[in-house]
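Chemist: Spelled out, the chains give:
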Amino acid sequence: MRALSLLIIFTLFISCGGGGGGGGGGSKITNQPQDENPTPEDNGNSGGTSGGRPARIVYDSDLSPTEKQALDASTSALGRIPINGNSIGGFSQAFGGSGSGSVVSYFEKRVHYAVSGNTALDERIVLHAGAAAFAATNIGSALWVESVVNGTGTEGFVINGKTIQITSSRVGIMQFGPAFTSVDTLQQVNTLVHEARHSDCTGGISAEELNSMRSTGQALPTMECGHFHVLCPPGHAFAGLPACDPIPWGAYAIGAIHSLAISRTCTSCSETDKAVAESEAADSFSRLLYSTQDLLSGKLGSPDMSSSTNVQDSVP
Amino acid sequence: MRTRFFLLLGVLILLVTFMWPEKQLRREVYRHEVQNIQAEEMMPENPPAEDQPTISHQEIKTFRKSLPETQEAQNEIKDNPHQAPRSLIQFAKTLGPLMDKAMENTEDASLLLHELESCVSHSTVLVSARTLCLSRAEQLGKAHSELRPEVSSVRKHSQKDALAIYKKMNSFVKKGASE
Numbered sequence: 001m002r003a004l005s006l007l008i009i010f011t012l013f014i015s016c017g018g019g020g021g022g023g024g025g026g027s028k029i030t031n032q033p034q035d036e037n038p039t040p041e042d043n044g045n046s047g048g049t050s051g052g053r054p055a056r057i058v059y060d061s062d063l064s065p066t067e068k069q070a071l072d073a074s075t076s077a078l079g080r081i082p083i084n085g086n087s088i089g090g091f092s093q094a095f096g097g098s099g100s101g102s103v104v105s106y107f108e109k110r111v112h113y114a115v116s117g118n119t120a121l122d123e124r125i126v127l128h129a130g131a132a133a134f135a136a137t138n139i140g141s142a143l144w145v146e147s148v149v150n151g152t153g154t155e156g157f158v159i160n161g162k163t164i165q166i167t168s169s170r171v172g173i174m175q176f177g178p179a180f181t182s183v184d185t186l187q188q189v190n191t192l193v194h195e196a197r198h199s200d201c202t203g204g205i206s207a208e209e210l211n212s213m214r215s216t217g218q219a220l221p222t223m224e225c226g227h228f229h230v231l232c233p234p235g236h237a238f239a240g241l242p243a244c245d246p247i248p249w250g251a252y253a254i255g256a257i258h259s260l261a262i263s264r265t266c267t268s269c270s271e272t273d274k275a276v277a278e279s280e281a282a283d284s285f286s287r288l289l290y291s292t293q294d295l296l297s298g299k300l301g302s303p304d305m306s307s308s309t310n311v312q313d314s315v316p
Numbered sequence: 001m002r003t004r005f006f007l008l009l010g011v012l013i014l015l016v017t018f019m020w021p022e023k024q025l026r027r028e029v030y031r032h033e034v035q036n037i038q039a040e041e042m043m044p045e046n047p048p049a050e051d052q053p054t055i056s057h058q059e060i061k062t063f064r065k066s067l068p069e070t071q072e073a074q075n076e077i078k079d080n081p082h083q084a085p086r087s088l089i090q091f092a093k094t095l096g097p098l099m100d101k102a103m104e105n106t107e108d109a110s111l112l113l114h115e116l117e118s119c120v121s122h123s124t125v126l127v128s129a130r131t132l133c134l135s136r137a138e139q140l141g142k143a144h145s146e147l148r149p150e151v152s153s154v155r156k157h158s159q160k161d162a163l164a165i166y167k168k169m170n171s172f173v174k175k176g177a178s179e
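As given, the protein sequences belong to chains P and B, one line each in that order.
Just so we're aligned, residue 1 is where the first sequence starts under the working numbering, counting upward by one.
Just so we're aligned, residue 1 is where the second sequence starts under the working numbering, counting upward by one.
Just so you know, the hints here were simulated from the structure itself, not pulled from any lab data.
Virtual Cβ for every residue (Gly too), placed ideally from N, Cα, C.
Just so you know, not all the hints are guaranteed correct.
Which chain B residues face chain P? A few, computed with CB under 10 Å, are given here [as the list claims (entries may be wrong)]: (1) M99; (2) R136; (3) R155; (4) S171.
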């Protein structure tokens, strides 16, 4: 029961998941995996503005043609949008460069595998011997956090018949469903950038955070590992919905900066593209529950884009 | 003899009655044709686009209809908390082609600014949509300096929440530019 409630909380950030009909589809796999935890070449500091390569991601064989098409388009667009991050505060610190190439690197460090929205996840999860079975719908960093909380949880996840070891929050398994394929490429790009940030377990997990998760089944609102969202406060347009960020440099802030770079600096975007990007930036900024002035001035610190597997497990 | 005279007179009256207006009509038509040709000759081949707005009433109607209400967006967010509300994105897509026209044509810009002012002043409209309206108005102000008073009016009618988000976004751009 506790495991189940944890899973509900952890899956909050997997916006691309969800059921839906259709599916099946071909077994052609593009962007073959390098290894269990691929480390793409880091060209984050190369800057540049356009003409970059697509982001590499391993496709699971269950992905439908529609899902593959959406992923082809969005991972390609991620590297092609001509932006100048030098004009946007926090961009180069967050992405490690100023162009779309740095955004591709950022993404590839955090997302490695694409799973279909129609895939029955519980059939793919490999459990440690003796671990309790659970009706899982979560993947990636949520699986890692869950395994940490339960002590002996998930060992791996099967992609294309091969078990991927869940060794860190950056295992990078993302499920892409109807909410992803039904929107335009620019929105898909925004989703990729946003979701990738959830792969970061910034600062690891403290003993206090671990205890809280074990006893209440909920992550502390101050927890930076996974950059979970919290309920928006009363008075907010989305009050009571898990759609706000309490911690600086979370997924909405990173997404906002990227969208702002598109709307304000893209040299080849149409007015419609810019309007969509600007609206996405405005939406993301409206979900930040802290002072962006302090964020920019450095009072809240620079963006920590690292990820840790350090867990302070003081509870036997 | 008298009868012949009256018969001839009758025929003459009939002829005048039926023939005269037709002739008059022909003259009128001819005069109009000449006037039209003269007018066409006087007009330049490509009339200046500034003369009148090219944004249609239908486009304005669609724009107004696409303004996302907060309540509507809340319902969409319940289903999918992560992504921006569908209605907000749809609104941005409706606004895009109008911006294309307004960036090129002052009359279109003026017309659109009037709509953007209405957008920013309605508190029931989703805050991020109002922010978008404000930011597009500012963009039009940069493209058409003569419309600065209209842009100021949009700014003046903006609610605090949208203005705050817009300022936040701008602060990120300014800092980056000065880095």
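Chemist: Now, for every hint given, state plainly whether the structure supports it.
Modeler: Hints, one by one, checked against the model:
1. M99: With a closest approach of 4 Å, the M99(B) hint holds.
2. R136: Nearest chain P Cβ about 7 Å off; hint holds.
3. R155: Since chain P brings no Cβ nearer than about 16 Å to R155(B), farther than 10 Å, the hint is violated.
4. S171: With a minimum Cβ separation of about 6 Å from chain P (threshold 10 Å), the hint on S171(B) holds.
Going through the hint list in order, the structure does not satisfy hint 3, though it satisfies all others.
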